[in-house]
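First to last, the sequence lines map onto chains S and W.
Okay, so the first sequence: first residue is 21 according to the numbering used here, each after it adds one.
Okay, so the second sequence: first residue is 7 according to the numbering used here, each after it adds one.
One should not assume that every hint holds.
Okay, derived cross-link-like pairs now, DSSO-like style, lysine-lysine, Cα gap no bigger than 30 Å in a straight line [unchecked claim]:
| hint | chain 1 | residue 1 | chain 2 | residue 2 |
| --- | --- | --- | --- | --- |
| 1 | W | Lys44 | S | Lys189 |
| 2 | W | Lys267 | W | Lys26 |
| 3 | S | Lys280 | W | Lys44 |
| 4 | W | Lys36 | S | Lys269 |
| 5 | S | Lys165 | S | Lys189 |
| 6 | W | Lys284 | S | Lys189 |
| 7 | W | Lys52 | S | Lys135 |
| 8 | W | Lys347 | S | Lys339 |
| 9 | W | Lys347 | S | Lys327 |
| 10 | W | Lys36 | W | Lys20 |
| 11 | W | Lys52 | S | Lys339 |
| 12 | S | Lys184 | S | Lys138 |
| 13 | W | Lys44 | S | Lys146 |
| 14 | W | Lys259 | S | Lys138 |
| 15 | S | Lys281 | W | Lys347 |
| 16 | S | Lys138 | W | Lys59 |
| 17 | S | Lys288 | W | Lys347 |
| 18 | S | Lys146 | W | Lys59 |
| 19 | W | Lys267 | W | Lys196 |
| 20 | W | Lys235 | S | Lys284 |
| 21 | W | Lys62 | S | Lys193 |
| 22 | W | Lys235 | W | Lys267 |
| 23 | S | Lys48 | S | Lys165 |
| 24 | W | Lys284 | S | Lys260 |
| 25 | W | Lys267 | W | Lys328 |
| 26 | S | Lys200 | S | Lys262 |
| 27 | W | Lys62 | S | Lys159 |
| 28 | S | Lys284 | W | Lys259 |
| 29 | W | Lys328 | W | Lys284 |
| 30 | W | Lys284 | S | Lys280 |
| 31 | W | Lys258 | S | Lys284 |
| 32 | W | Lys259 | W | Lys328 |
| 33 | W | Lys348 | S | Lys288 |
| 34 | S | Lys281 | S | Lys189 |
| 35 | S | Lys280 | W | Lys36 |
| 36 | S | Lys327 | S | Lys288 |
| 37 | S | Lys339 | W | Lys196 |
| 38 | W | Lys232 | S | Lys193 |
| 39 | W | Lys322 | S | Lys165 |
Hint data in this document are derived by calculation from the structure and do not stem from the laboratory.
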Amino acid sequence: MMKVTIPGKISLKDIDLEDDAFSISYPKFLETLKTSIQEIGLLTPLILRSKNSSLQIISGYRRGIVLKELGVDFIPAYIFKDGELDNEEALRLGILENLYTREINHIEISNSLFKLEKDLSIEPEKIIETYLPLFGLEKSMFIFKKFISLQNLIDGIKTLAVVKKFPLKTLAKLSLLSDKDQESFLELATELSLGFNLVNEFLTLLEEIAAIDRVSISDLLLDKSVNDILSIEDINRDVKTKLLISLLKAMRYPHIHDFKKSIKSNIKNLHLPHEIAMDIPENLEGGTIAMRFKFKNKKDYQEILSKLIEISDSEDFSKILEMI
Amino acid sequence: MFPIENIYIENNSKESIITKNIISSSKNSKITYIDSSKEILSEILKLPDPISKGKKTLLITENKGSFLKKCPGTKRMICCNYYFLNFATNCPLDCSYCIMQEYLCNNPVLKIFSNVEDMLSETESFLEANRNKYFRIGTGELTDSLALDNITGFSKIIVPFFASKQNVILELKTKTDCIENLMYLDHGGKTVIAWSLNPQKIIDGEELYSASLEQRMESAARCQGKGYKIAFHFDPIILYEGWETDYNGIVKKIFNAIDSKSILWISLGGLRFSPQLKPIISERFAQNNILYGEMVLCPDNKMRYFKPMRVDAFKKMVDYIKKYDNDIPIYLCMEDQDVWKKVFGAIPNGIRNLNNIFEINS
Numbered sequence: 021m022m023k024v025t026i027p028g029k030i031s032l033k034d035i036d037l038e039d040d041a042f043s044i045s046y047p048k049f050l051e052t053l054k055t056s057i058q059e060i061g062l063l064t065p066l067i068l069r070s071k072n073s074s075l076q077i078i079s080g081y082r083r084g085i086v087l088k089e090l091g092v093d094f095i096p097a098y099i100f101k102d103g104e105l106d107n108e109e110a111l112r113l114g115i116l117e118n119l120y121t122r123e124i125n126h127i128e129i130s131n132s133l134f135k136l137e138k139d140l141s142i143e144p145e146k147i148i149e150t151y152l153p154l155f156g157l158e159k160s161m162f163i164f165k166k167f168i169s170l171q172n173l174i175d176g177i178k179t180l181a182v183v184k185k186f187p188l189k190t191l192a193k194l195s196l197l198s199d200k201d202q203e204s205f206l207e208l209a210t211e212l213s214l215g216f217n218l219v220n221e222f223l224t225l226l227e228e229i230a231a232i233d234r235v236s237i238s239d240l241l242l243d244k245s246v247n248d249i250l251s252i253e254d255i256n257r258d259v260k261t262k263l264l265i266s267l268l269k270a271m272r273y274p275h276i277h278d279f280k281k282s283i284k285s286n287i288k289n290l291h292l293p294h295e296i297a298m299d300i301p302e303n304l305e306g307g308t309i310a311m312r313f314k315f316k317n318k319k320d321y322q323e324i325l326s327k328l329i330e331i332s333d334s335e336d337f338s339k340i341l342e343m344i
Numbered sequence: 007m008f009p010i011e012n013i014y015i016e017n018n019s020k021e022s023i024i025t026k027n028i029i030s031s032s033k034n035s036k037i038t039y040i041d042s043s044k045e046i047l048s049e050i051l052k053l054p055d056p057i058s059k060g061k062k063t064l065l066i067t068e069n070k071g072s073f074l075k076k077c078p079g080t081k082r083m084i085c086c087n088y089y090f091l092n093f094a095t096n097c098p099l100d101c102s103y104c105i106m107q108e109y110l111c112n113n114p115v116l117k118i119f120s121n122v123e124d125m126l127s128e129t130e131s132f133l134e135a136n137r138n139k140y141f142r143i144g145t146g147e148l149t150d151s152l153a154l155d156n157i158t159g160f161s162k163i164i165v166p167f168f169a170s171k172q173n174v175i176l177e178l179k180t181k182t183d184c185i186e187n188l189m190y191l192d193h194g195g196k197t198v199i200a201w202s203l204n205p206q207k208i209i210d211g212e213e214l215y216s217a218s219l220e221q222r223m224e225s226a227a228r229c230q231g232k233g234y235k236i237a238f239h240f241d242p243i244i245l246y247e248g249w250e251t252d253y254n255g256i257v258k259k260i261f262n263a264i265d266s267k268s269i270l271w272i273s274l275g276g277l278r279f280s281p282q283l284k285p286i287i288s289e290r291f292a293q294n295n296i297l298y299g300e301m302v303l304c305p306d307n308k309m310r311y312f313k314p315m316r317v318d319a320f321k322k323m324v325d326y327i328k329k330y331d332n333d334i335p336i337y338l339c340m341e342d343q344d345v346w347k348k349v350f351g352a353i354p355n356g357i358r359n360l361n362n363i364f365e366i367n368s
């Protein structure tokens, strides 16, 4: 049974700051926390437990490090005596303390579940039943496994994921990549400053091309055509992103690409004045073409009509109709 | 063939003939009587792959709703006026492209409905009330028509029932060779047995627990031998390098094994699925290749092969078939008028003309 106690002043020297057994925090950025503590002080005491001759941190690992860096000697903390809190109770308390004081990210949920399963050898079924609801998650082995899979992410991806708030689905997909592929992908995502929608789009295209061509994503990203776009100097990130997406789509959907290119060329050959536009149905589905035109007077209108009649006899127009 | 691990029988289904058939023929499954399936479902849904577990779990329950429903088709597509008789939901086969993975994801167990009398009486009333119309009714919308027939004995009920009906033909559509029960039934020429066909490499990779192409052909030949009419569905056609040779090979096998006079129709349908099914397929079938085709989102919110590619595929398939028999009715499944026109040069003008395709006089 846990006891509620009044926090006491503890010497920082008595705390084992190397022991992060119950720390779930990610990333372990300390600068923001340091600034906050410097400005407004430590608002939440640490939670500790006696372990052998020193004190082990249950909650407040990052705060402990920062306080040491700031040269603080004594800190407020709640202490559980030896034997008052077993490992599972300690980790649970650490998780709850974090949950009640701030927003927990996907990587931290993954860290918590991983520690419960691997470090404390708790059966997945029990974790699913007891702990997933704590994080507001559905009791599901599928979800549990997805979170555990995030342990396969390299640090850079984890950090990017937290900063950009990537959804679990995207992270789980990234976790299936080899470290080398993750590193290459991270480089691309960082260079183009991709948000999660674009990360998803790039990832799907790269995965599928890699699977079709039986190459790795890292090799694909080393391709000359990819790097030619990345190395263009006088265009911004957004334009580079668009060019790269187009390139990857052409690689992923070669027939569609060729077909659309061919239609575009046929339309170009019609030499339509800018007052006339031809709209081809999306993905050629729907079976109808829309012609739009604008005019100011009767003369313009008659010119447009004669152009429309003129193109109806052209070979390019017939080809377009055949294709639609 | 299909590993049914657990059979749950709702207490109000105990006395059904279907339940009795299942109990007497399921020696290796654990049988449990229950009041409600709610807890079982909730436990299965917690598993990492509820769909796989659901396929090994059979629930015998009453259908509280309607058994018969008109095929909903899909927006803008040509309707072939087909009706479904849903005696079961879900399927012990595990096809990677199966839409039921998404459709039944919250209810993934195999369900067999025990109140067969209600089903027959509903069908009887429907056919009576529409005596001047002709219907095609199939049982293969939400399940394989024959996959569990060896334990349910359902065909022994349904085939004789339809044998005496004048204005309907029953289609039992399958990917299995579970035809033993059919061999001894009086079908009255009112049941057509249909097989979905794909090249063996697609069967091996995408249609788990189904019968091989050879077994399907042999079964079709045996059914033909017993006087059944036969149908084939090339659905879904999956495009890959060299697909033409493989599919042409199947057409050849059909006409080698089956007298074309017995073939009532052949349908063609391209691979299609909702975008929501894509992640389910990738998750459950990691080595799967069918997602790598050049597919686009169509106006009915289904992914299909890019239209010129599927038109080309359908045209080739029609040519392969017509080379052997020019008169066999061929129809497209879930395709719009434009595709019909490009493939056949014309479109069926409404249901009456489609019925002509099926040689049905309405």
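Comparing the hints with the structure gives:
| no. | hint | result |
| --- | --- | --- |
| 1 | Lys44/W <-> Lys189/S | 28 Å, holds |
| 2 | Lys267/W <-> Lys26/W | 38 Å, violated |
| 3 | Lys280/S <-> Lys44/W | 51 Å, violated |
| 4 | Lys36/W <-> Lys269/S | 51 Å, violated |
| 5 | Lys165/S <-> Lys189/S | 12 Å, holds |
| 6 | Lys284/W <-> Lys189/S | 13 Å, holds |
| 7 | Lys52/W <-> Lys135/S | 21 Å, holds |
| 8 | Lys347/W <-> Lys339/S | 17 Å, holds |
| 9 | Lys347/W <-> Lys327/S | 29 Å, holds |
| 10 | Lys36/W <-> Lys20/W | 15 Å, holds |
| 11 | Lys52/W <-> Lys339/S | 54 Å, violated |
| 12 | Lys184/S <-> Lys138/S | 28 Å, holds |
| 13 | Lys44/W <-> Lys146/S | 21 Å, holds |
| 14 | Lys259/W <-> Lys138/S | 55 Å, violated |
| 15 | Lys281/S <-> Lys347/W | 24 Å, holds |
| 16 | Lys138/S <-> Lys59/W | 26 Å, holds |
| 17 | Lys288/S <-> Lys347/W | 27 Å, holds |
| 18 | Lys146/S <-> Lys59/W | 20 Å, holds |
| 19 | Lys267/W <-> Lys196/W | 15 Å, holds |
| 20 | Lys235/W <-> Lys284/S | 49 Å, violated |
| 21 | Lys62/W <-> Lys193/S | 28 Å, holds |
| 22 | Lys235/W <-> Lys267/W | 9 Å, holds |
| 23 | Lys48/S <-> Lys165/S | 24 Å, holds |
| 24 | Lys284/W <-> Lys260/S | 28 Å, holds |
| 25 | Lys267/W <-> Lys328/W | 14 Å, holds |
| 26 | Lys200/S <-> Lys262/S | 25 Å, holds |
| 27 | Lys62/W <-> Lys159/S | 22 Å, holds |
| 28 | Lys284/S <-> Lys259/W | 42 Å, violated |
| 29 | Lys328/W <-> Lys284/W | 34 Å, violated |
| 30 | Lys284/W <-> Lys280/S | 25 Å, holds |
| 31 | Lys258/W <-> Lys284/S | 40 Å, violated |
| 32 | Lys259/W <-> Lys328/W | 14 Å, holds |
| 33 | Lys348/W <-> Lys288/S | 25 Å, holds |
| 34 | Lys281/S <-> Lys189/S | 34 Å, violated |
| 35 | Lys280/S <-> Lys36/W | 57 Å, violated |
| 36 | Lys327/S <-> Lys288/S | 14 Å, holds |
| 37 | Lys339/S <-> Lys196/W | 47 Å, violated |
| 38 | Lys232/W <-> Lys193/S | 52 Å, violated |
| 39 | Lys322/W <-> Lys165/S | 45 Å, violated |
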